[in-house]
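Visitor: These protein sequence lines map, in sequence, to chains Y and A.
Just so we're aligned: the first sequence equals residues 1 to 295 in full-length UniProt numbering.
Just so we're aligned: the second sequence equals residues 1 to 358 in full-length UniProt numbering.
No wet-lab data here; the hints were simulated from the structure.
Glycine included, each C-beta is placed from N, C-alpha and C at the ideal position.
Just to be clear, a hint being listed does not mean it is correct.
What the hints assert, rightly or not - Partial list, computed: chain Y residues near chain A (C-beta under 7 angstroms): (1) 62; (2) 180; (3) 184; (4) 188; (5) 189; (6) 196; (7) 214; (8) 217.
Stated by the list, open to error - Ranges between beta-carbon positions, derived for each pair: (9) 21(Y) x 302(A): 33 to 43 angstroms; (10) 283(Y) x 199(A): 52 to 62 angstroms; (11) 14(A) x 95(Y): 48 to 58 angstroms; (12) 101(Y) x 94(A): 52 to 62 angstroms.
Said to hold, decoys possible - Derived BS3-like pairs (lysine-lysine); straight-line CA-CA distance at most 27 angstroms: (13) 147(Y) x 153(A); (14) 107(A) x 229(Y); (15) 153(A) x 107(A); (16) 107(A) x 130(A); (17) 203(Y) x 273(A); (18) 28(A) x 129(A); (19) 203(Y) x 28(A); (20) 107(A) x 129(A); (21) 72(Y) x 229(Y).
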Amino acid sequence: MTMIHNRRRHYLVAASLVAPFMVILALVFLYPAIRMVALSFTNGPLIGAGDWVGLDNYRRLLSDNLFYTSLKNNGYFIVLTVLPTTLLALAIALMINRLSGRLQATMLALFFLPYILPVSVVTQIWSWMLDFQFGIVQPLLAFITGKPIPVFRNPHWVMPMVALVTIWWTNGFNVLLFIAGLRNIPVDLFEAASLDGASRRQKFCRITWPLLWPVTALVLTLQLILQLKIFDQVYLMSQGGPFNSSYVLLLMVYREAFQLNNGGYASAVALVLFVLIMVVSVLQFQLLRLGGGKR
Amino acid sequence: MSGIELANVSKSFDTTEVIRGVSLTVDKGELGVFVGPSGCGKSTLLRMIAGLEETTSGRISIGDRDVTRIEPAEREVAMVFQSYALYPHLSVFDNMAFSLRLARASKAQTRDMVQEAARILQLEEHLDKKPAQLSGGQRQRVAIGRAIVRQPKVFLFDEPLSNLDAELRVQMRLELARLHRRIGATMIYVTHDQVEAMTLADRIFVLRNGMVQQQGAPLELYNDPDNRFIGGFIGSPAMNFLDGHVTAQNDAGIEVAVDGADGQRLHARLASKRVTGDRVTLGLRPEHLHPNADGLRVRMEMVEALGGVSYLHTRTPDGTELVVEYRGAQPPADSTGIAVGIDPANVVVFDSQGRRLR
Numbered sequence: 001m002t003m004i005h006n007r008r009r010h011y012l013v014a015a016s017l018v019a020p021f022m023v024i025l026a027l028v029f030l031y032p033a034i035r036m037v038a039l040s041f042t043n044g045p046l047i048g049a050g051d052w053v054g055l056d057n058y059r060r061l062l063s064d065n066l067f068y069t070s071l072k073n074n075g076y077f078i079v080l081t082v083l084p085t086t087l088l089a090l091a092i093a094l095m096i097n098r099l100s101g102r103l104q105a106t107m108l109a110l111f112f113l114p115y116i117l118p119v120s121v122v123t124q125i126w127s128w129m130l131d132f133q134f135g136i137v138q139p140l141l142a143f144i145t146g147k148p149i150p151v152f153r154n155p156h157w158v159m160p161m162v163a164l165v166t167i168w169w170t171n172g173f174n175v176l177l178f179i180a181g182l183r184n185i186p187v188d189l190f191e192a193a194s195l196d197g198a199s200r201r202q203k204f205c206r207i208t209w210p211l212l213w214p215v216t217a218l219v220l221t222l223q224l225i226l227q228l229k230i231f232d233q234v235y236l237m238s239q240g241g242p243f244n245s246s247y248v249l250l251l252m253v254y255r256e257a258f259q260l261n262n263g264g265y266a267s268a269v270a271l272v273l274f275v276l277i278m279v280v281s282v283l284q285f286q287l288l289r290l291g292g293g294k295r
Numbered sequence: 001m002s003g004i005e006l007a008n009v010s011k012s013f014d015t016t017e018v019i020r021g022v023s024l025t026v027d028k029g030e031l032g033v034f035v036g037p038s039g040c041g042k043s044t045l046l047r048m049i050a051g052l053e054e055t056t057s058g059r060i061s062i063g064d065r066d067v068t069r070i071e072p073a074e075r076e077v078a079m080v081f082q083s084y085a086l087y088p089h090l091s092v093f094d095n096m097a098f099s100l101r102l103a104r105a106s107k108a109q110t111r112d113m114v115q116e117a118a119r120i121l122q123l124e125e126h127l128d129k130k131p132a133q134l135s136g137g138q139r140q141r142v143a144i145g146r147a148i149v150r151q152p153k154v155f156l157f158d159e160p161l162s163n164l165d166a167e168l169r170v171q172m173r174l175e176l177a178r179l180h181r182r183i184g185a186t187m188i189y190v191t192h193d194q195v196e197a198m199t200l201a202d203r204i205f206v207l208r209n210g211m212v213q214q215q216g217a218p219l220e221l222y223n224d225p226d227n228r229f230i231g232g233f234i235g236s237p238a239m240n241f242l243d244g245h246v247t248a249q250n251d252a253g254i255e256v257a258v259d260g261a262d263g264q265r266l267h268a269r270l271a272s273k274r275v276t277g278d279r280v281t282l283g284l285r286p287e288h289l290h291p292n293a294d295g296l297r298v299r300m301e302m303v304e305a306l307g308g309v310s311y312l313h314t315r316t317p318d319g320t321e322l323v324v325e326y327r328g329a330q331p332p333a334d335s336t337g338i339a340v341g342i343d344p345a346n347v348v349v350f351d352s353q354g355r356r357l358r
């Protein structure tokens, strides 16, 4: 009898602890989300009522060229960022891991520093550095390509440059995750492998890489989700141009919702992006888990 | 199979010298044990032999080869770590086959060698499991199996039993002794447990502050310690120490007045000359002390009755502890005073610095 009583009390305590969070979550996330889903089936503006139009918004989306351009650009951005930033972070983490003491802390801090900057500062720094007139990087570009390039006004250069800025900005966090993963591998294993006759490369391939795989899968998945949501950098540096060559899905949502006041259509695009992120990230994480084998 | 020779080997971390000029030899096929209190440098010395720590000065030879500056892999040594250091993502089979695969052994040869090691260590049914699915004792055996498979010239064990519970430790100790007899390889075993050292070793090296204090067969160290530290470290329960001063000497030995014992005297065999009044410390093994009406009167404090043997924890009048082994069905009752005697031939004499006097 006391057991049952205690258990009920146990649940009550648990519920009372979780409740405030659940209430706030329902208020500021769940309710708006449901309203947004409902909105996507209407022709309503951002604020105020609209008429039910069924799947019209989604039908319109399928014939909207800008949607396909944005989707393609999102995909291109993923290719430019996710794998490169993961590999780069791994390489940097491996190098930092070989340092020790204060030098290690300093190097880690240097790589992590950009991450604490707000996006507007990051984009301003790089806009200046890449400025066509006085940018400090232009001589380098001129040296490689033969002439200075207005990178944010060139359809071939804009996405790679946004990707570069994004990687520079966010890479420190991935380095940190990899460092934590590397520190979790006991030194004994490397010593045992040394005695077993493993070379530096064999130690990496047979011990570091497989034992780091869960962290790698995590970094890849986090990056995929994060980079699918690209908005700030594009909005601040190129506004989607030139010729829509840096136009991405969230920029489309922003423009439809806040500039054209098409609440219903913007909701439909947002919902599609949400489903896309969900499906792709779950799919990727499952694939990576299979790839790494059961641990 | 080869022996190991260390010649004046030293190791410093920055300005701290942790190994100070160690010279020792472990003969081919011998099992040498490094034993000493924690921080004495025994593990560092083992890791230097393995090549995992750099040697600051001196020379390490395995067989007739100078390996001081050679990579760990080329020293042909295998090491069993305290943590076992099993590769967690590989099966037992793959753990044991790791070195063979790196050495590009054929598939058939790899399988045969792993199977053979698994048979010796009774791991055959666990070959497909991951280390996390094994018990502590089984993991320990996998670690040993990984060493055996490589057929090294020398096996190194770094406190391999310290993570096991007491019962398993005794069992694995016996298995290790059996294994050594079976494969007859040269082995070095590091432990802080002097019982492990006594039961396993052909030769014990007692280390302290980065130096070898004494080396020899287990019973040599037990019966004939070079200094007070060895006397106290080897043997369980430990040797008793009584301070006092020499009151007389004749051909047979010395007579010592024990401090704070109301002028009571003990006799010890001693050949070297002492002057009356010299400070000495007498080392008395518990098993050599026995009740004797004419002996040293002590106060009983507690009796540990273990059945066949009892340990009488007593104190001399000035409070120095004296443990007496008592063999007999009925140990004397607590809280009574008794008198204990000892054959002068069994008393070990140290000078005031703890050095052995003979």
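Visitor: So which of those numbered hints doesn't the model satisfy?
Guide: Hint check: 1, 2, 3, 7, 8, 9, 11, 12, 13, 14, 17, 18 and 19 fail, others pass.
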